[in-house]
Amino acid sequence: MSDTTMITNMLTIMLLLVGVFFMLAGTIGFVRFPDFYSRMHATGKCDTLGEGLMLVALIVYGGATFVSVKILFLITFILLANPTSTHAIAKAAYDVGLEPWRSFDSEEVAWLNTDNTGNTGNASNTGNSGEGRAGEDGGEGR
Amino acid sequence: MNIKHFIATYIIVFAFWLLLSAHFDSFHVGAGIICSLVVAYGTHDLLFTGTGNHTLTKTLRFIAYLPWLIYQIVLANIDVAKRALSPRMPIDPRVVKFKTILRGDVARTALANSITLTPGTVTIDIVDDVFYVHAIAKEPADDLLEGAMERRIAHVFMED
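Chains as they are written, first to last, in our numbering: chain A, 1 to 142; chain B, 1001 to 1160.
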């Protein structure tokens, strides 16, 4: 085995292992986290990097071929589709009124009382229609 | 029909065909030419909407933005892995909302996806100007509300 093949193989194995580690961490997070929304954190983020790293490992192993370019496109699409689908699922849960889990030692108990609307420097102060949303979704009366 | 948009779409679609087929005999290339014509005719007004300007600058700035985003994705994964594997599981989830300064649809999509990919935050909903974001602890929420990422996106899409 020549030196370059060995380095390529080692790099491939390393990238695969790191990818598998993040996938594993994401899965453990998925099992351990208390509610739906925090589980979205585990799956939405770890899958993106885990799959990305594993695909990069395949590119390293395959070298500059057409298949590698296809894998590169796969990475791009995963990078686009993963956060979008995470957002779609989270939005669906939010729309049916699923309340996020709060820890008991949290200093703020009521959901959605951290209102930072308008603090990010938008000059227009017209009343926004998103305001009444927290009450509508039944988050206040806990 | 905008002929310039049609030709640009045709070139992109055909290049994509060549890339995915990886066969360069006359049958595959010929089928590609015909299929690309049909697809480009159907979709040329979707790829180039003709509403934006400074497309090249925006694209270049977006490419320059990507390395930072990938760095943030790595940080986000280390963050989640730490929280998931730590025995104490240091999470304190909350929903925060903030008003965005961004106006364009693409810019808002980019911000929403960037929020989801960066440490500790997931975008739940966008209602008019207000982003609803689920944060897994206090620090990520505070970082987000500080607005550094929003300014970066605003710079990329020339809205600052």
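Among the clues, some could well be false.
What the hints assert, rightly or not - Quick look at which bits of chain A chain B covers, simulated, 3 or more residues with Cβ under 8 Å:
#, segment
1, 13 to 26
2, 36 to 50
3, 83 to 91
If you are wondering where the hints come from, they were derived from the structure by calculation, not from laboratory data.
Just so you know, even glycine gets a beta-carbon here, dropped at the ideal spot from N, CA and C.
Right, here's what the structure says about each hint:
Counting residues of the segment 13 to 26 of chain A whose CB lies closer than 8 Å to any CB of chain B gives 4, which reaches the minimum of 3, so the coverage claim holds. As drawn, the segment 36 to 50 of chain A meets chain B at 11 residues by the rule of a beta-carbon pair under 8 Å; at three or more, the given contact holds. Taking a C-beta to C-beta cut-off of 8 Å, the segment 83 to 91 of chain A contributes 6 residues in contact with chain B, enough for the three needed, and the coverage statement holds.
Going down the numbered hints, you'll see the structure goes against none, and every one checks out.
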